[in-house]
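K.L.:
Chain by chain, the residues:
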Amino acid sequence: MSRIREAFVGGKAFIPFITAGYPDLETTRQVVKAAQDNGADLIEIGIPFSDPTAEGPVIQTANVIALEGGVTTDQILSFVKELREKDQITVPMVFMTYANVVYSYHEGGDAPNDGADGEDRGRFGFCRRCAQAGIDGLILPDVPYEEKGEFREACRAAGIDLISLIAPTSEARIARIAGDAEGFIYIVSSLGVTGVRTKITTDIGAITRKIRSVTNVPCAVGFGISTPEQAAAMAAQSDGAIVGSAIIRIITEHGREAAPEVGKYVKCMKDALR
Amino acid sequence: MATTADASGRFGQFGGQYIPETLMNAVIELDEAYKHYKKDPAFQSELSTLFAEYANRPSRLYFAKKMTQDLGGAKIYFKREDLNFTGAHKINNVLGQALLAKKMGKTRLIAETGAGQHGVATATAAAYFGMECVVFMGKVDTERQALNVYKMKLLGADVVPVTSGTATLKDAVSEAFREWTNRIADTHYCLGSVMGPHPFPTIVRDFQAVISREAREQMLAAEGRLPDAVLACVGGGSNAIGSFYHFIDDKDVQLIGCEAAGRGIDTFETAATVSTGRLGVFHGMKSLFCQNEFGQIAPVYSISAGLDYPGIGPEHAYLHSIGRAQYVPVTDEEAVQAFEYTSRIEGIIPAIESSHAIAHAMKIAPAMDKDQILVVTISGRGDKDCAAVARYRGTVIEE
Numbered sequence: 001m002s003r004i005r006e007a008f009v010g011g012k013a014f015i016p017f018i019t020a021g022y023p024d025l026e027t028t029r030q031v032v033k034a035a036q037d038n039g040a041d042l043i044e045i046g047i048p049f050s051d052p053t054a055e056g057p058v059i060q061t062a063n064v065i066a067l068e069g070g071v072t073t074d075q076i077l078s079f080v081k082e083l084r085e086k087d088q089i090t091v092p093m094v095f096m097t098y099a100n101v102v103y104s105y106h107e108g109g110d111a112p113n114d115g116a117d118g119e120d121r122g123r124f125g126f127c128r129r130c131a132q133a134g135i136d137g138l139i140l141p142d143v144p145y146e147e148k149g150e151f152r153e154a155c156r157a158a159g160i161d162l163i164s165l166i167a168p169t170s171e172a173r174i175a176r177i178a179g180d181a182e183g184f185i186y187i188v189s190s191l192g193v194t195g196v197r198t199k200i201t202t203d204i205g206a207i208t209r210k211i212r213s214v215t216n217v218p219c220a221v222g223f224g225i226s227t228p229e230q231a232a233a234m235a236a237q238s239d240g241a242i243v244g245s246a247i248i249r250i251i252t253e254h255g256r257e258a259a260p261e262v263g264k265y266v267k268c269m270k271d272a273l274r
Numbered sequence: 001m002a003t004t005a006d007a008s009g010r011f012g013q014f015g016g017q018y019i020p021e022t023l024m025n026a027v028i029e030l031d032e033a034y035k036h037y038k039k040d041p042a043f044q045s046e047l048s049t050l051f052a053e054y055a056n057r058p059s060r061l062y063f064a065k066k067m068t069q070d071l072g073g074a075k076i077y078f079k080r081e082d083l084n085f086t087g088a089h090k091i092n093n094v095l096g097q098a099l100l101a102k103k104m105g106k107t108r109l110i111a112e113t114g115a116g117q118h119g120v121a122t123a124t125a126a127a128y129f130g131m132e133c134v135v136f137m138g139k140v141d142t143e144r145q146a147l148n149v150y151k152m153k154l155l156g157a158d159v160v161p162v163t164s165g166t167a168t169l170k171d172a173v174s175e176a177f178r179e180w181t182n183r184i185a186d187t188h189y190c191l192g193s194v195m196g197p198h199p200f201p202t203i204v205r206d207f208q209a210v211i212s213r214e215a216r217e218q219m220l221a222a223e224g225r226l227p228d229a230v231l232a233c234v235g236g237g238s239n240a241i242g243s244f245y246h247f248i249d250d251k252d253v254q255l256i257g258c259e260a261a262g263r264g265i266d267t268f269e270t271a272a273t274v275s276t277g278r279l280g281v282f283h284g285m286k287s288l289f290c291q292n293e294f295g296q297i298a299p300v301y302s303i304s305a306g307l308d309y310p311g312i313g314p315e316h317a318y319l320h321s322i323g324r325a326q327y328v329p330v331t332d333e334e335a336v337q338a339f340e341y342t343s344r345i346e347g348i349i350p351a352i353e354s355s356h357a358i359a360h361a362m363k364i365a366p367a368m369d370k371d372q373i374l375v376v377t378i379s380g381r382g383d384k385d386c387a388a389v390a391r392y393r394g395t396v397i398e399e
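Going down the list, the protein sequences come from chains A and B. Residue numbers for the first sequence follow the numbering used here, beginning at 1 and rising by one. Residue numbers for the second sequence follow the numbering used here, beginning at 1 and rising by one.
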């Protein structure tokens, strides 16, 4: 069992998303610690991308500000290693980023993972660095089932999970995607991009029933969740709830003092799932 | 034909479908519908009629006699896509996609636009077919091309200024994709170039291939032989692939794509993807992109809003990789000179995008033999660029 599966063993999982380097890495460190201390079961760390096409305005802005602050993939990898080694972060962590951040790491493209030039490059090098840093999995919203082969190959070589996404429009694709999933399955709650929604109308129960008919890989619901009531409702039909934009909003509001506020929020959300 | 996407939508290693799961069934549905209608004689006949009666096709292959004499080398022919209805090659693709969308039961078109030509063409087709239309356009471009914004609104489209990122073409594409994930059932994303996820590069290529199908026949009729080279400007690459396609198997015809070098390929203010970019995955495709060492997409620059894009279509990346086509950088200054030169010597004001291709023809024609032939695609008319070129030359024009 991978470390990711352990996050789902003790009941419904609460999974916060945090953009690394927003507004700076020191704040991210405090926010991650506050999230773990207050009951987060698994933490998604976002590596900012210049053009995050699956994100709504809140996370787009966080990406822009983090990159303007100069944060790089290498800094984030070192940062995660420190979280594991110095900050006693023991919950599973996954990276959420875009295909090109992985594929073009150190201008690597399809470079093999032989480190021959003394540097890890491309998808293999990126995944190897992830594993060394203590990352357990990878979420790539612009890599669907059809394109996951080359990324899965690199994840396997490094021993980390590539997380599959299922959407409200997936329909007949659900069984195929779920049957091949590892770590956990990310159920996209609604059409559109990330961001807070007042109401989620997708029949999540119908999706999880299809998933469970082919796999016991746990599934968590994300996109649009912000309130404890929504989280409880989504988790009741699945194995957990993922919250991104609502947390980024707290960081936007409180800046470098955001950690205690995020901690309070995570506690409130986790309590709703107990 | 020499280049065809394989079943997974790839030209060699380029292409693919790197998009959110939410859109996968939409592109699969589009692919199946296109495969069906591509072979449907009624669809093809309807499209041909639209091309002829609405878009003013075939476009002329025009012998630029004065320019040829002045440069003193190869004979120069212009493929006059600027004479199409709405003033550019964009209408070819838009009529095809709008007709396809209509057959698929879609009632709403969304599109991105750079210079505004694709937006105007999409708004035109939406008006013609009685469909709703929303066009995403970078805020910077809405200011550079205010007249086109007005035209789109006049035609009944909503124009959404995009402020994210660099507020130019790439951000308009991102925003159009975001909108598509939000509303799929009644909406077709009418992508304007040979880019994005499969099947878009193939669909757009097929609708634009009319350019080279006509040009090849017209050239044989005029000269009894094929040209030595075909030149076209390349941003995403739709007019270029349209100009190249039916010449790909003619190995003696050189294919030359002219990229926007902006202030030069040794500066950061450039949009020349083949010269300065490298392999990556973005906007649904694996192709060449301008990017930094960590895969962050680079801000690009060109005087031409239509070429101001950090990537290139996958079929171009493939033609480049196998050496079948070559891609050359052309600076703002060279393009502006070609814009002015063509206006003066032939009385034709070409789009600043097309002026990049003319500029390269001006470089190579003088050294060629008088019996050699160049075909240069004038992808659009330059009326829309007059204010920007005047500004470049230091004059402010009040509209």
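Derived from the structure by calculation, the hints contain no laboratory data. Heads up, a few of these hints could be off.
[Said to hold, decoys possible] Computed spacing ranges between beta-carbons, pair by pair:
1. A206(A) with K103(B): 51 to 61 Å
2. E82(A) with S321(B): 36 to 46 Å
3. D74(A) with S321(B): 22 to 32 Å
4. A131(A) with S48(B): 34 to 44 Å
5. K66(B) with E153(A): 37 to 47 Å
[Unchecked claim] Here are some of the chain A residues that sit facing chain B, going by a computed Cβ distance under 8 Å:
6. I65
7. I89
8. G192
9. S226
All C-beta atoms in this analysis are idealised placements derived from N, C-alpha and C, irrespective of residue type, glycine included.
K.L.:
Checking against the hints above, which ones are violated?
P.N.:
Hints 1, 4, 5, 6, 7 and 9 not satisfied by this model.
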